[in-house]
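Peer 1: Sequence:
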Amino acid sequence: MYKVHCMNNIAKVGTDSLGDTYELVSELDGANAILVRSANLNEVEFPKSLLAIARAGAGVNNIPVDRCADEGIVVFNTPGANANAVKELVLAGMLLASRDIIGGNEWVRENCDDPDVSKKAEKAKNRFAGTELSGKKLGVIGLGAIGAAVANTATRLGMQAYGFDPFLSINAAWGLDRRIEHVTDVSSIYSECDFITIHVPATADTKGMIDADAISRMKTGVVVLNFARDTLVDEQAMAEALDDGHVARYVTDFANPESANMRNAIVLPHLGASTAEAEDNCAVMAATELKDYLENGNISHSVNYGNVDLGPIQGAARIALFHENLQGMIGKITQIIASSSLNIENMTNKSHGSNAYTLIECSGTFDEDAIGQIRAIEGMRRVRMIKRA
1 MYKVHCMNNI AKVGTDSLGD TYELVSELDG ANAILVRSAN LNEVEFPKSL LAIARAGAGV
61 NNIPVDRCAD EGIVVFNTPG ANANAVKELV LAGMLLASRD IIGGNEWVRE NCDDPDVSKK
121 AEKAKNRFAG TELSGKKLGV IGLGAIGAAV ANTATRLGMQ AYGFDPFLSI NAAWGLDRRI
181 EHVTDVSSIY SECDFITIHV PATADTKGMI DADAISRMKT GVVVLNFARD TLVDEQAMAE
241 ALDDGHVARY VTDFANPESA NMRNAIVLPH LGASTAEAED NCAVMAATEL KDYLENGNIS
301 HSVNYGNVDL GPIQGAARIA LFHENLQGMI GKITQIIASS SLNIENMTNK SHGSNAYTLI
361 ECSGTFDEDA IGQIRAIEGM RRVRMIKRA
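Here the sequence shown is numbered in this note's numbering, starting from 1 and rising by one per residue.
Derived from the structure by calculation, the hints contain no laboratory data.
Every residue, glycine too, gets a C-beta built ideally from N, C-alpha and C.
Some clues are possibly wrong.
Here are the computed lysine to aspartate or glutamate pairs in the EDC-like style, where the Cα-Cα straight-line distance is at most 16 angstroms [said to hold, decoys possible]:
| hint | residue 1 | residue 2 |
| --- | --- | --- |
| 1 | K125 | D100 |
| 2 | K219 | E192 |
| 3 | K3 | E27 |
| 4 | K12 | D280 |
| 5 | K136 | E181 |
| 6 | K332 | D369 |
| 7 | K387 | E295 |
| 8 | K12 | E23 |
| 9 | K120 | E110 |
Label-pair restraints from in silico Cβ distances [to be verified]:
| hint | residue 1 | residue 2 | range |
| --- | --- | --- | --- |
| 10 | D16 | D244 | 47 to 57 angstroms |
| 11 | G103 | A202 | 29 to 39 angstroms |
| 12 | P47 | E368 | 17 to 27 angstroms |
| 13 | S118 | D16 | 47 to 57 angstroms |
| 14 | N9 | G158 | 37 to 47 angstroms |
| 15 | P115 | G158 | 32 to 42 angstroms |
| 16 | D70 | S169 | 24 to 34 angstroms |
| 17 | I102 | N307 | 36 to 46 angstroms |
| 18 | N111 | G245 | 21 to 31 angstroms |
Put together the whole structure using the sequences plus the hints.
Peer 2: Now the structure itself:
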């Protein structure tokens with residue numbers, strides 16, 4: 001029986017999919033896995049029993065990823081599970097910015113008791129006139145699941161989409177509409193596009209990437225949309241650009257004291273993935289990742305260890321090894337296994353930066369002496385036996 005602790009409310013369809021061999025527990029102590037959405041785990045001390053953390057969402061800033069790697073704890077996320085929900089909100093943000101829908105709605109509410117509101121609306125509507133999306137240029141920075149979906153849909157609305165992503169994968173490229181122009185220099189997006197939307201992870205390299213210099217290279221009257229992370233934008237520079245009119249609108253999903261007080265900003269309370277469908281999709285995907293790892297040792301969509309898949313367990317057991325990515329490590333492991341008269345039936349190894357994960361299935365049973373020898377190898381972080389159910 002595996003014990004799973006939910007740090008936030010996780011959609012029931014996800015927790016139900018875990019099955020009868022899983023128990024949801026109210027305490028972290030003794031838990032084998034954590035399901036989490038937004039709860040901050042950076043200062044949490046994890047029990048020795050903890051094997052994995054699954055984030056029902058894409059961002060993992062609330063999880064100490066490197067510390068987890070050192071402790072042999074796999075951190076999963078669910079990229080793409082909420083992509084459609086965020087895509088739709090980005091498109092809504094573009095429409096709100098191009099047509100003064102919010103201003104028009106506020107005018108009607110302010111005049112709702114006026115019996116002549118209909119007649120006066122005809123005169124007032126000119127102040128809320130806007131522009132159409134069709135024919136405008138959209139720059140998408142980051143062509144992952146969300147960015148690609150935004151770019152693809154924008155082309156169907158008649159927009160000319162430009163995409164920038166220096167790390168664009170082959171699979172992602174195949175999913176892009178052929179009408180999207182892939183640019184290799186983000187400066188061309190700044191100088192050419194009427195709308196710019198950001199879809200990159202928050203890292204040391206991307207923090208504050210939309211700064212005063214980047215904004216100065218944008219067209220006057222540009223609309224900037226940020227549904228990725230608030231730290232990607234230098235908010236002081238953005239506030240100044242909104243004040244002087246260089247940026248017409250800033251649409252962000254991250255409310256804080258700075259963004260909430262910006263002139264001409266549309267600030268939403270982190271609604272990107274707040275749909276029933278997205279919450280269900282993320283919960284089911286997170287639960288599926290946990291099950292495959294806990295029961296079979298397979299890893300998919302981990303942010304601190306490489307993807308490994310040996311399929312369902314065929315033999316009596318597997319041994320899962322977390323270690324530093326050091327030369328000669330595999331040789332040391334296999335030598336111990338061979339000296340224990342075990343035959344390796346299947347094995348795979350994957351590195352992820354300085355972290356490495358090796359999954360081995362053998363004929364026969366690992367004895368405690370062999371396991372102890374493997375644990376004693378320099379650079380070995382965690383050794384886990386997985387027995388076939």
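Peer 1: Under the criterion that the straight-line Cα-Cα distance not exceed 16 angstroms, is the pair K219, E192 satisfied?
Peer 2: 7 angstroms, holds
Peer 1: That 36 to 46 angstroms hint for I102 and N307 (C-beta), does it hold up?
Peer 2: At roughly 43 angstroms between Cβ atoms, N307 and I102 fall inside 36 to 46 angstroms, so the hint holds.
Peer 1: Taking only the CA atoms, is the gap from K12 to E23 under or equal to 16 angstroms?
Peer 2: With Cα atoms ~13 angstroms apart, K12 and E23 stay inside 16 angstroms; holds.
Peer 1: Would you say the C-beta atoms of D70 and S169 sit inside 24 to 34 angstroms of each other?
Peer 2: 28 angstroms, holds
Peer 1: Taking 37 to 47 angstroms as the stated bounds, is the beta-carbon spacing between N9 and G158 within them?
Peer 2: 40 angstroms, holds
Peer 1: Against the 16 angstroms threshold, does the CA-CA distance of K125 and D100 hold or violate the hint?
Peer 2: Distance ~10 angstroms between K125 and D100 Cα, so the pair holds.
Peer 1: Does the beta carbon distance between N111 and G245 stay inside 21 to 31 angstroms, or does it fall outside?
Peer 2: 28 angstroms, holds
Peer 1: Quick check: does the Cβ-Cβ distance between D16 and D244 fall within 47 to 57 angstroms?
Peer 2: 53 angstroms, holds
Peer 1: Does E181 lie within 16 angstroms of K136 when you go C-alpha to C-alpha?
Peer 2: 14 angstroms, holds
Peer 1: Range hint 17 to 27 angstroms: satisfied by the CB atoms of P47 and E368?
Peer 2: 23 angstroms, holds
Peer 1: Could you check the hint for me, namely that S118 and D16 are 47 to 57 angstroms apart, CB to CB?
Peer 2: 51 angstroms, holds
Peer 1: Starting from K3, check that the Cα of E27 is at most 16 angstroms away, please.
Peer 2: Measuring from Cα to Cα gives roughly 10 angstroms; hence the hint holds.
The structure fails none of the hints (numbered hints given earlier).
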